[in-house]
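Undergrad: Can you build the whole structure from these sequences, using the hints too?
There are 2 protein chains.
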Amino acid sequence: MTREGGPEFVPVPDRIATFDNDGTLWSEQPAYFQLTFAANRMRQIAEKHPEFGERPIFKAAIEGDLRPALAGTVRDRLELVGASHAGLTVEEYTAIVYNWHLTARHPRFDRLYTDLVYQPMLELLAYLRDNRFQTYIVSGGGAEFMRVWAEEIYGIPRERVVGSTIKVKYEERDGEPVIVRLAEVELIDDGAGKVEGIHRTIGRRPIAAFGNSDGDYEMLRWATSGRGRRLGLIVHHTDATREWSYDRNSRVGRLSKALDEAPRRGWVVLDMKADWRVIYPFQAR
Amino acid sequence: MTREGGPEFVPVPDRIATFDNDGTLWSEQPAYFQLTFAANRMRQIAEKHPEFGERPIFKAAIEGDLRPALAGTVRDRLELVGASHAGLTVEEYTAIVYNWHLTARHPRFDRLYTDLVYQPMLELLAYLRDNRFQTYIVSGGGAEFMRVWAEEIYGIPRERVVGSTIKVKYEERDGEPVIVRLAEVELIDDGAGKVEGIHRTIGRRPIAAFGNSDGDYEMLRWATSGRGRRLGLIVHHTDATREWSYDRNSRVGRLSKALDEAPRRGWVVLDMKADWRVIYPFQAR
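Those protein sequences? They're chains A and B, same order as listed.
Positions in the first sequence are counted from 1; adding 2 to them yields our numbering.
Positions in the second sequence are counted from 1; adding 2 to them yields our numbering.
The set of hints was computed from the structure by calculation and includes no laboratory data.
Hints are all accurate, no fakes.
The list treats identical chains as interchangeable, and a pair is accepted whether it falls inside one copy or across any two copies.
Okay, derived cross-link-like pairs now, SDA-like style, lysine to any residue, Cα gap no bigger than 25 Å in a straight line: (1) Lys50 to Val92; (2) Lys169 to Thr75; (3) Lys169 to Val76; (4) Lys275 to Ala286; (5) Lys50 to Lys169.
TA: Shown next, in the form of structure tokens:
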């Protein structure tokens, strides 16, 4: 595809590859990492927000139980994300996320959350960029959350992070312009919303897409239905010892329809246990 | 700003420059070009859409009178844009816009609309890119409309075009995935909405911003309020002979508040008549 004049040549601007984040570039168990982050914040500010207690999902999250949030919809979880940091300027929010990524640790591995990225996917991102692909994140997670650390961790700059968004409001505070986070969900970048988000932000059809759950089904369909060579890949979580093993019955990263259709769509199903010698970078050292 | 180690050095990823389109990169009189394009389409399909006649702005546009649309809000005009091409796939829409940009002619100059771009701004875009700036369009106009020709005309790739958006819907037609335009307005990229659009799409604060109307005020404020050196510039339309002359009382590209505040904000006010030797590329030949 990169050999000029060859039959499958793809011009550089069309070399677009889109990656889901949770479960595709980093782990997502026992709960999406951003959900844990948002619930912790919600717990810290709960005293000042008695209204949180009126919503069962928020109330449970504050009490340390994320199961209702995980049993809910993507919108439910994004509403929790929105409520947890509403009223902050984007600079304040960025500082909080930045601190989180340097300090918060995943309980199972006692490692930074950002240590739980997949070494083979880092290599794949670098390989594609070496071949002049643009690599994008297209995730149901919050764009603003991922942007804080995506460049450092994945080499993906802020403007190539597509995700769900919380409404923001431009205003002046003491004569200085600021952007303030509201509580309201703006765009849900999941399922068909991923295709819409790709269209809105990138404006081109990807030629390669990488996911791990049914939330990636439409993105995989969209990327692999165009003319010319295409690549769709599903990360199948099969390694309970080194990572986690889950698919059809998981509340997190449920994978069923996309797995069923993978053979006839020509999508590669990656078997984490069998195919990956190393999962996390710290295991490679 | 580009001299590494210098006191004003700006790293490459932060070299973001944002440009309004209508009235800043190309002309916008006697009506925004996209509005003329959309009204023409609405006229073509009006027979099949009796509901258009129920809306005074649409009815007037079909009859060739754009004054009510220009007297209305940005939302009014975007609703006209949405209604004019609803139900088309984005490929179909792209083909129509592509054909328009190759054939439709501006009545005053009998030139293609895309010939009415400003030569000095093309040079500015190239100059900034030569200095490793990312140049973005941030326009109240439709992102999908501009993306069709922005790369060819301005050298700005699709993913660097931020604009207003019409809702789209992913679906399968005859087993093939398509993205279909709806009639509904999604995001209005004007005024404070430009700052929100910059945040949503780029995720960084620009260090230079270029506009020509009060719809660019918040973008100019946002870009020029950060730390370090900043540049804000307003194109003031002062040349009735070679282009148009208008500001405070214009229904198109009204410029009043931003003009008043330019001196104390340190924004450059460009006097088109005095400062530009050439307006359009065809005049330079």
